[in-house]
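Respectively, the protein sequence lines represent chains A and B. Read in my numbering, the first sequence has 180 at position 194, and its numbers run on one by one without any break. Read in my numbering, the second sequence has 36 at position 50, and its numbers run on one by one without any break.
By construction, these hints were calculated from the structure, which means they are not laboratory data. Treat the hints loosely; a few may be bogus.
Same chains, same names: a pair is fine if it fits in one copy or spans any two.
Below are the SDA-like pairs computed for lysine to any residue, each with C-alpha atoms no more than 25 Å apart in a straight line [what the hints assert, rightly or not]:
(1) K170 / F38
(2) K192 / E43
(3) K35 / S0
(4) K216 / A140
(5) K173 / S1
(6) K77 / T19
In case you want the letters, here they are:
2 protein chains.
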Amino acid sequence: MAKFYGIGVGPGDSSLLTLKAVEVLNKIDILYTPEAEKDGGSLALSIAKPHFNEALEIKYRHFPMSFNKAEKEAKWESVAKEVIEDVKEGKDVGFITLGDPMIYSTYVYIMEKLISEIQVETIPGISSFSNIASSQNLPLVMDTEPLIILPCTADEEIIDDAMQKYSCLVLMKVYKKFGMIREKIEKYGLIDHAVLVSNSSQGTEKVYTDLRDINSEEKISYFSTILINKEYMHKAKVNH
Amino acid sequence: MAKFYGIGVGPGDSSLLTLKAVEVLNKIDILYTPEAEKDGGSLALSIAKPHFNEALEIKYRHFPMSFNKAEKEAKWESVAKEVIEDVKEGKDVGFITLGDPMIYSTYVYIMEKLISEIQVETIPGISSFSNIASSQNLPLVMDTEPLIILPCTADEEIIDDAMQKYSCLVLMKVYKKFGMIREKIEKYGLIDHAVLVSNSSQGTEKVYTDLRDINSEEKISYFSTILINKEYMHKAKVNH
Chain A
-13 MAKFYGIGVG PGDSSLLTLK AVEVLNKIDI LYTPEAEKDG GSLALSIAKP HFNEALEIKY
47 RHFPMSFNKA EKEAKWESVA KEVIEDVKEG KDVGFITLGD PMIYSTYVYI MEKLISEIQV
107 ETIPGISSFS NIASSQNLPL VMDTEPLIIL PCTADEEIID DAMQKYSCLV LMKVYKKFGM
167 IREKIEKYGL IDHAVLVSNS SQGTEKVYTD LRDINSEEKI SYFSTILINK EYMHKAKVNH
Chain B
-13 MAKFYGIGVG PGDSSLLTLK AVEVLNKIDI LYTPEAEKDG GSLALSIAKP HFNEALEIKY
47 RHFPMSFNKA EKEAKWESVA KEVIEDVKEG KDVGFITLGD PMIYSTYVYI MEKLISEIQV
107 ETIPGISSFS NIASSQNLPL VMDTEPLIIL PCTADEEIID DAMQKYSCLV LMKVYKKFGM
167 IREKIEKYGL IDHAVLVSNS SQGTEKVYTD LRDINSEEKI SYFSTILINK EYMHKAKVNH
């Protein structure tokens, strides 16, 4: 029976796909992919490309980044209809997404529109924060420690509370919030416990072990993540 | 130059290894692995086994589960010494660990003893919570939502606070804490937003979409995780 597959392709390096993701890319007939750069559409495509089968049909669809909710909704709705038709005609259809499909991915918008109509299988992927921790040899959590993953676009109150309360924080979607976030990191005395990595595992990866080194005029990549660890950061920094 | 590799093998299904993990398993000369069942030693071994090269030498070492810190420390120290010798003799050495190496893995104990002596490369893995979310088609977080990962062995105060404050919680290490955790889940009105999965992606996987169905006498597997999502759970439950 034909299915729709949501495929997490990891943070950037094509070798960070799972065997299962590769197997699915090998068998699907059609791949839907967003064009928008900011959504990671073209990046996800370049990561998955080495694993495409020769007969794969790629359908590029435009998902507007506009803040007009109705416009976005209509767009996803129309792509979902196309997908449902394809699957009902017996085609295996895929959708690729950066990192993990269930962590801050627009994949969820399309998945929710399909789930009552056709069979949906989601394949997990390596998240950027998990790859950053491993590539920096930086432990995130041990024993009874909580781990909090926060987008820098969250309410400031939530960020303040988390910075004071938890020993390990993953701050995602840094981008234009860098100035505000660095101020808070300084305020809570965490600057020596923080590392920022942009474009993890991509050719353009940048690692900042000292956030003070970042010029406030510098444009921070859209794919930047800050790890803060009050317990283990020292060793990672020394080792780097 | 010879290296030490820490390899995340994911939650159970051998197809959830990354290509990179498989490549490393193919090239290492020696693999160190704990024997203890509870540490997931034998489970990690069975996951990785299909990807072993024929010449691979496996060194089983016993890591006592005792709460005697000095005894444990001495054991890890002696294994670390062996690893350093092997790598200095030009052997590529690996250590496999369930899920992701930087999230609640004893891998960190050995990594920290090696990092100043030899080259260490850590390969990320799919965490059980990420696989549970995908296999249940259950979104974890979107937009500005925080995600908190909590071991059920954390202070109860921290668990209470998180259950009230966040819309998405991952509760790990459920095991003997199940009774206490279910009480809290009921108390905060979250029982209809919770799902428990044991042994995710293993042959023995069990999914409980209603935590009320679990007999309090039932022995909960060591590898059990509860996902709570105040926003998206309904669809996942209906779809199951």
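Hint by hint, here is what the structure shows:
| no. | hint | in the structure |
| --- | --- | --- |
| 1 | K170 / F38 | neither (44 Å within a copy, 47 Å between copies) |
| 2 | K192 / E43 | neither (34 Å within a copy, 37 Å between copies) |
| 3 | K35 / S0 | both (8 Å within a copy, 23 Å between copies) |
| 4 | K216 / A140 | both (21 Å within a copy, 17 Å between copies) |
| 5 | K173 / S1 | neither (39 Å within a copy, 44 Å between copies) |
| 6 | K77 / T19 | within (16 Å within a copy, 43 Å between copies) |
Against the hints set out earlier in the document, violations occur for numbers 1, 2 and 5.
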